Amino acid sequence: MNRLLSITASLLLALTAGCRDDGDDGGALAGAGDPGPSPLRRLTRIEYNNAIFQLFGDTSSPASAFVPEETALGYDNQAAALVVSSLLAEQLLNAAETLAARHAPAILDSLASCKSASSLDGSCTTQAQAWVRSFGKEVFRRPLDDAEADEWFAMFSDGAALGGGFDARGGVEMVVAGMLQSPHFIYRVESGRGEPNDQGIDELSPYEMANRLSFLFWNSPPDRILMDAADADELRTPEQIEAQARRLLRAPRAREAVRNFHRQWLGLRKITEVLTGIGKDVEMFPDYDPAILPLLQQETEAFFEFAIFDADASLDVLFTAPFTIVNAPLAEFYGVSAPSATDDHYARVELPSDRYSGFLSQAGLLALYAKPDRSAPVLRGKFVRERLLCQVPPPPPDVVPEAPEVDLTKTTREQLEQHEVDPLCAGCHQMLDPIGLGFEHFDAMGRWRADEHGLAIDASGEIIGTSDADGTFDGVIELGAMLGNSDQVRNCVITQWFRFAHGRAETDDDEQSIQRIREAFAASDYRIQELLVALTQTDAFRYRRVPGLWSPSEEE
Amino acid sequence: MSIIRPTRRDLLRYLGTSALALPIVGGRRPAFADHGEAHKRIIFFYTPNGTVPVNFWPSGGETDFVLSPILEPLAEHRDDLLILGNVDMESAFNGPGDAHQKGTGQCLTATELLEGTFAGDAGESAGWAGGISIDQKIAEVTGEQTLFPSIELGVLVGRSDVGGRINYRGAGEPVPPENDPAAAYTRIFGDPDASSSDLETQRMRRQRLLEQVSMDYQRLADRMEDQDREKLDIHISSLADIQDRLQQNGVQFGGECQMLDLGAPIDPTRVDMLPEIGRLQMDIMAMAMACDLTRVGTLMWTHSVADYVYSFLGEDIKDGHHSLAHKGDEDAPKVEHNTRLNVWFAEQFGYLISRLKAIPEGDGTVFDNTVIVWVNEQAKGNNHDRHAMPYVMAGSAGGFFSTGRYVIQDKAAAHNQLFVSLQNAMGIEDDEFGNTAYGKGELPGLRG
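If you're matching them up, the sequences are chains A and B in order. Residue numbers for the first sequence follow numbering that gives the first Met the number 0, so the first one is 0 and each next one is one higher. Residue numbers for the second sequence follow numbering that gives the first Met the number 0, so the first one is 0 and each next one is one higher.
Hints are computed from structural coordinates only; laboratory data are not their basis. Note that the coordinates shown come from a computational prediction; the quantities given were computed from them, not determined experimentally. There could be a bad hint or two in this list.
Unchecked claim - Derived lysine-lysine pairs resembling PhoX-like cross-links, with alpha carbons at most 25 Å apart:
| # | chain 1 | residue 1 | chain 2 | residue 2 |
| --- | --- | --- | --- | --- |
| 1 | A | Lys269 | A | Lys370 |
| 2 | B | Lys317 | A | Lys269 |
| 3 | B | Lys317 | A | Lys409 |
| 4 | B | Lys317 | A | Lys370 |
| 5 | A | Lys114 | A | Lys136 |
| 6 | A | Lys370 | A | Lys409 |
| 7 | B | Lys439 | B | Lys410 |
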């Protein structure tokens, strides 16, 4: 009974809200669904460095020495995991002071009245106040309100007086060092437009939208064009947002941001960072050279960049492409001919299409998910299951014997048979091993092999437990086709982008937003660029819950 | 039973905005008031991936024990050791997370992890530790008297998740270690090149800066709810730490407190430099104690599941540490390699003891008033066992512990009890630590 009543009540509310919306704001909030949570996000080290570059043209990347981000869900930008320790607060302080000292002279040159002044006279005051507002807008990525402008001018004045007399440079340094530690710089503060509907859902302010777009596609603060659009309140309609999203995606900076995503989604950095510490068995692989590892990471990143931006590819191409992107040492590693590739220049090369299948057959990931002396079907299967199918296998038992040393008289597949026999193992390993065994034509270095120490390779496998990708297959070509055309994989890619874009895990309340992305992705024949644009067209991206006003719907 | 002194951070929590106006009690305190007076210190020494139990445990009885191969490097300190048998990390079999995550996150907290999204063998299920760590609980009390409540130094701690942190100010509040000896030195002892007037100007500027910045954070925090507010509160308390320190004098060198020569700069991410980085971090830790800049320290050697190849211990070592730890017991060469790694860790533990013994204090040395505790995330790497943890203590903490013994608990004890013993040794009268479901009260038989 109560339930019925509350449904009626919320229906009424929704109706009246709809009427009112028609009256004032052009209906921007009409039909606004629940955007889910919008946690306060801190700039990542990459974003901080990009911001410093944008502000000062400074390429020193000061954040690279900061405490690394706490990573969650595989990403460095997950709001819930990021904590500011006393150590990080000090690093932020030191960096801010260093940057202030370095760039104050140039700023001072633009404040001629203050530079030559012997006291804080009228013309210096006017000039400094204007500078506080213009510089503050760049640092905070939104205009300052009057009270803030007054406070920061007071900082200028106090800083200039610190040495006893008047030194405008001290004032500039104080303002720069202070603003660079402000929460309005370090965090992406959002308050909304200030016109919430009856459900307590508000649109983003134009500056907040500029920030969301820019940090998503460029991992950087908004550029001049976005800020101008925000000034003109032209970041409001879905069409305006889409147009900016497409503009940002066309710029080179988007490529670096998309690389950053793939580096984290697929853990590509581990190819360099983890594998360097482990290496490969040099007796088995005499030509192993750790210098190849960063190149293998580069290859996969360059492949995604090429496929997504230059080929405007659909998702399945990533899984099935019979080509890759190599420089000269990589071409040699693979034993392919790439005449236009040099040490620095990466070029597309065609590969035998009966052996290779998109990023699935690239050596970096296959070498990462291998032991020093043998392939590791379990790890490869686990990678597919977790990162590509978005499924989490249950943990292994607490007591796990390590597999015996490589036995040259048996294939890796034969040595793994224990998992099928032992009922303790079989339950989980049937989720992992039969997928991973599909990669058996790739050795511990990640390179194609016809046989395993002279033994015939059986690369047949099976996917089970998915919504639509179940079935048997033989080798990576068939596996790639199955994954590349699976809705479960498509949805997984959407989920990964959603987490990266919003800095949080998806929730039940995001279903409507995610459904919109699915529809747009499908309508574009699964082109990745369209998925990226679609990320900006959701309730989750355009709106936010207002603290204190929003409360969970009582309908369910 | 628990005696809780409110810290500045607690006050911030409870008082909200007005806390910023709090005067700092006592005004500017000298960093170290009384040279010569004995203060107790505690240092935690963490190594990952378990040990090799068969080569770790001594033979013989409580006082006539014979050191094992792994502990042999500590022979010259035998009479200062307290080796603890039959102490389990019982809590670490419970709650979210995989074996490594639980072992690391509960290493010094002795309570279950929070739920979260850190990826491990148990999927993306574990969060940060669910409670304060023992070092931080001690630091809340002893830290009132020193410039730094605690100092956390790392050696190639390469993870920023629950597998790379053992120190926590509270649930979900990890304290990261500083991996770079040069940065650690500057942070603790100040810029060696700055003049005193430079430093005074910097201090005044920082006070004004942080006053403004903290106010900004506080205003924002007041507008926020739940997680966002907590996050900003933590940031504010971190700023308050710096502000507190600005109220005090910096280090004053003199007596045993001397500047260190760090030598040529070292890239703190290079595995082949691991021994040099570790030695510098130990030198810095010992000097911070000598200068009484802190009384609580942690030295973290790499991180959970760290797979660095310790080829500096021999060309024949080609597997990473974690991989070695996973080799079967029958794989004699790999067991020998892993033993060699742990022997080397024992040598480092011995070096730290020697450093502290080399610093005179009163009629003895700093070491006399110190206890160093060697902890691990596992007991045994290849089965992830967390029973019978390889705990070794060195030093009596001013006579509190009776050393030179191998004390095997009659009945399996929990590491909660070890931490109760440690907090009592450090002057905190409390017979509980962590989740008391796993154990409470002191570990029997350790006191002198």
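Handout entry: Violations among the numbered hints, reported as their numbers in ascending order
Key = none
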